[in-house]
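Mapping of the sequence shown onto the numbering used here: position 47 corresponds to residue 1028, and the numbering continues sequentially without gaps.
To be clear, the hints were calculated from the coordinates, so they are not data collected in a lab. Glycine included, each C-beta is placed from N, C-alpha and C at the ideal position. It cannot be assumed that every hint is accurate.
Pairs of lysine-lysine residues, derived as BS3-like cross-links and limited to a Cα-Cα distance of at most 25 Å, are as follows [said to hold, decoys possible]:
(1) 1079 - 1091
(2) 1179 - 1079
(3) 1191 - 1091
(4) 1091 - 1188
What follows is a list of derived Cβ distance ranges for each label pair [said to hold, decoys possible]:
(5) 1166 - 1190: 27 to 33 Å
(6) 1056 - 1095: 19 to 25 Å
(7) 1080 - 1218: 34 to 40 Å
(8) 1169 - 1093: 14 to 20 Å
(9) 1235 - 1187: 25 to 31 Å
(10) 1247 - 1144: 51 to 57 Å
(11) 1211 - 1137: 24 to 30 Å
(12) 1244 - 1149: 40 to 46 Å
(13) 1159 - 1249: 40 to 46 Å
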Amino acid sequence: MNCMLRGFAILGLLCFNAVVSSARTLHAADTNVAVIQAADTDVDVGSDVGSWWGRRVEVLLAVMSRCPDGRRAEARINEVLAKVHSIADVRLMYIAAKNESAQPLGVTCKHGDLECAGNAQQLCAAYYGRHGHSSGTTGGDPWTRGWDFIMCQNKSPADIGTEELAERCLQEAGFTEHRANLTRACWNGPEAGPILRKSAAEALRRKAYKSATIFIGGAYRCTHDDAQWYDCPGGSEVDDFVATICATYFRYTSMWPEEICGPEPPDVSPTA
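From just these sequences and the hints, can you work out the full model?
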């Protein structure tokens, strides 16, 4: 009987330790979720997504869709992504003021109603370009579909926010008919207002008042405003942003992908 009781006690202790270990693991994952974006199982992963262990550093831009400074910053980041696409995940949040009387979206945008519409279009394209099933055909890289939609719109800045440009950019960015229908229903329907207000609230919470304000791995990185780059610890050139992304990736994975980032610098540390 004593042996049986001791056996139950040991089993209970082992179970408790397992629970504690799992809790610690979950806490660590929650801590890093804003920094390293794991590949979501509900995301259409395409054929070449998930390379480099399926983990990506978030590059977050606070912008306004019709803002020239925002477009210039996006062009710079586009050059960065050309080098580190496999380990980076770009996301945009939109600077706007909550205004319940401004229907149908419930926000006021600095560059007018067309900008609010453009913000909503880009948010919807970013979401439905990646999530949901695509009825067979992938249609473009799911990690860049939404970004390609934005790059397409930026080529016609005077038309950002119009339905005509948005339709053209859905095609250019490789949206399948099914994904295009989902995206179109998003920006024309009741979903657009809440996601735009949520995005504006995030920009406000992060104190991102200038278009564009850039964060990498959850940390503030740089501002571009009035055609100037400033407050950019680490620099504002393409290779400077690449270095930050590579260092952040290494810090959270202890892996240095030389095929993307080049030779590992002697002073880089996974615990820095």
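Requested in this report: Mind checking the hinted window 40 to 46 Å against the Cβ distance between residue 1244 and residue 1149?
Outcome: Holds: the Cβ-Cβ distance is about 42 Å, inside 40 to 46 Å.
**Report entry** Holds or violated: residue 1179 to residue 1079, with C-alpha atoms at most 25 Å apart
**Finding:** Given pair residue 1179, residue 1079 holds - Cα atoms ~10 Å apart, limit 25 Å.
Report task. With respect to the beta-carbon atoms only, verify the hint that residue 1235 and residue 1187 lie 25 to 31 Å apart. Result -> 28 Å, holds
Requested in this report: Starting from residue 1191, check that the Cα of residue 1091 is at most 25 Å away, please.
Outcome: 11 Å, holds
Query - Supplied distance hint 27 to 33 Å, evaluated on CB atoms of residue 1166 and residue 1190 - result: 32 Å, holds
Query raised in the report: Is it true that the C-beta distance of residue 1211 to residue 1137 lies inside 24 to 30 Å, as the hint says?
Result: 28 Å, holds
Query raised in the report: In this structure, is the beta-carbon distance linking residue 1159 and residue 1249 contained in 40 to 46 Å?
Result: For residue 1249 against residue 1159, whose Cβ atoms are near 43 Å apart, the range 40 to 46 Å holds.
Query raised in the report: Is 14 to 20 Å a correct range for the gap between the Cβ atoms of residue 1169 and residue 1093?
Result: Because 19 Å falls inside the window, the suggested range holds.
Report task. Confirm or reject the claim that residue 1056 and residue 1095 have a C-beta distance inside 19 to 25 Å. Result -> Check passed, 20 Å falls within 19 to 25 Å.
Query raised in the report: Honestly, do residue 1247 and residue 1144 meet the 51 to 57 Å range at C-beta?
Result: Hint holds: Cβ distance 53 Å, inside 51 to 57 Å.
Query raised in the report: How does the Cβ-Cβ distance of residue 1080 and residue 1218 compare with 34 to 40 Å: does it lie in that range?
Result: 38 Å, holds
Query raised in the report: CA of residue 1079 to CA of residue 1091, is that 25 Å or under?
Result: The given pair, whose Cα atoms are some 12 Å apart, holds under the 25 Å limit.
In this structure, every one of the numbered hints holds.
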